[in-house]
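In numbering that gives the first Met the number 0, the protein residues as written are 0 to 438.
Heads up, some of the hints might be wrong.
Unchecked claim - Taking lysine-lysine and the PhoX-like style, the derived pairs with C-alpha atoms no more than 25 Å apart in a straight line are:
#1 K148 - K228
#2 K148 - K213
#3 K228 - K213
By construction, these hints were calculated from the structure, which means they are not laboratory data.
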Amino acid sequence: MSVFICLCERQSLQATNQAIQRSSQVGSRWSHRLQKGLPIVLVLFVSLLGHSALAEEPVIQDVPRPQPEEPIPPESNPLELTEPDPLLPELVVDRPLSPQERRVLSTALDELNTQAQTEFESGNIPEALDIWNRELRLRRFLGPDEEVKSLSRVGEVAWRENQITEVRVITQRLQQIQQEAEAQSPTNYDLLMQIAQAYQTLRAKDQGVALYEKLLVQAQQEQNVDQQKQILAALGEMNIAWFDYPGAASAYERLLALAESQGDSETEIEALRQLSQIYQDSNQLEPAIAAQQRLVDLYQDRQMFAEISALKQAIGDEYLALGRPELAATSYQEAFAIARSSQQYAYAADALQRLANLYISLERLPDALVVYELLLDVKQQAYDTLGTMNTYDQIGQIHRALGNSDQAIEAFRQALQIAQQLDYKVSYFTTQIQELGGQ
Numbered sequence: 000m001s002v003f004i005c006l007c008e009r010q011s012l013q014a015t016n017q018a019i020q021r022s023s024q025v026g027s028r029w030s031h032r033l034q035k036g037l038p039i040v041l042v043l044f045v046s047l048l049g050h051s052a053l054a055e056e057p058v059i060q061d062v063p064r065p066q067p068e069e070p071i072p073p074e075s076n077p078l079e080l081t082e083p084d085p086l087l088p089e090l091v092v093d094r095p096l097s098p099q100e101r102r103v104l105s106t107a108l109d110e111l112n113t114q115a116q117t118e119f120e121s122g123n124i125p126e127a128l129d130i131w132n133r134e135l136r137l138r139r140f141l142g143p144d145e146e147v148k149s150l151s152r153v154g155e156v157a158w159r160e161n162q163i164t165e166v167r168v169i170t171q172r173l174q175q176i177q178q179e180a181e182a183q184s185p186t187n188y189d190l191l192m193q194i195a196q197a198y199q200t201l202r203a204k205d206q207g208v209a210l211y212e213k214l215l216v217q218a219q220q221e222q223n224v225d226q227q228k229q230i231l232a233a234l235g236e237m238n239i240a241w242f243d244y245p246g247a248a249s250a251y252e253r254l255l256a257l258a259e260s261q262g263d264s265e266t267e268i269e270a271l272r273q274l275s276q277i278y279q280d281s282n283q284l285e286p287a288i289a290a291q292q293r294l295v296d297l298y299q300d301r302q303m304f305a306e307i308s309a310l311k312q313a314i315g316d317e318y319l320a321l322g323r324p325e326l327a328a329t330s331y332q333e334a335f336a337i338a339r340s341s342q343q344y345a346y347a348a349d350a351l352q353r354l355a356n357l358y359i360s361l362e363r364l365p366d367a368l369v370v371y372e373l374l375l376d377v378k379q380q381a382y383d384t385l386g387t388m389n390t391y392d393q394i395g396q397i398h399r400a401l402g403n404s405d406q407a408i409e410a411f412r413q414a415l416q417i418a419q420q421l422d423y424k425v426s427y428f429t430t431q432i433q434e435l436g437g438q
């Protein structure tokens, strides 16, 4: 059995075109600058109209698997009944419990669960586990469905409280129930699904993944699409919890393909979100960009402009990390245009700030100046007084670096007026003006 501890679980096209037309009014300022020869290219939604496919799934280094342990012997297993329990009726012959006996036992076991919960809430974890183990020993007399539900419930507490031995014995018992269920004909697949979900609760990755894969084959044979989606999502979650990025990517790629074949855009979006995060976390930036571009297409159909702008900024960051500044600049420009056209001023400002920082890092100060002038408009329209002051400061600093003293002084004076209103950084802007020979 594996060691089951994990440190981390871890709108329409027409409306879109209208938004693009609105954004073209803003873009005219860029065009005016372009006529002056500045190398800024503003691309509005060009990349949004294409449907890019995900790149081939990259090879990601696999993670080591926990080594199996020896099962706990029955005499040391607190879930094995080694002596009669007074809550069980005395049976003259070996027979199932009658309905009345089942009701009485079920009520008594519910009371044991309540007692254990009380001890647990009082901080008496060992005592609580002793009571819960007695409950679990007796739950098997009510059938595997009842037992698996209780094993999952107690197992979740044990895992959360880092009770390693308890997690081991519960997982071992689940394996026994699984073996018994698989040996029966016909196979109780509902019970096996409960067991797989219990493995997931206990973070028993190897057992959970193996059983989910078996259940996936059965769901495919039955053409049960909803269950296939459920299983693939669970496989993705389990692998992510263990930082198994190849396994997680495989599950979500299969979920994405299934959702696409069914026209299920909600599931497509969720799978692409997960794939984007997986590829980011594993430093696979090109596949992450491909997943994000496909998300852009789906968001465009749903008029989710804020999400598109945020994605375009993320894509820009990734292009920058890949050493492709021109593609990063284009993504930031698109993010600004989309956000501005839908009056998402915070996203518009973020995109422009990223673009300005990029141009400064490339020592393209005239281009950065154009961006800051646009950022100034955005800050003013958003009534962001402090942001307006800071933008005037940046404009002043760039003019100063370019040797444009008069323009720098004027920008610092504008910032000083706001600083005086806010009673903030007054001396700083006064000093900037004086250093440039202004009054």
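How the hints compare with the structure:
Proximity of K148 to K228 is assessed by CA-CA distance (about 22 Å); at most 25 Å being required, the pair is judged to hold. Our distance criterion of 25 Å between C-alpha atoms is met by K148 and K213, whose separation comes to about 21 Å. Proposed proximity of K228 and K213 is supported: the alpha carbons are some 14 Å apart, at most 25 Å.
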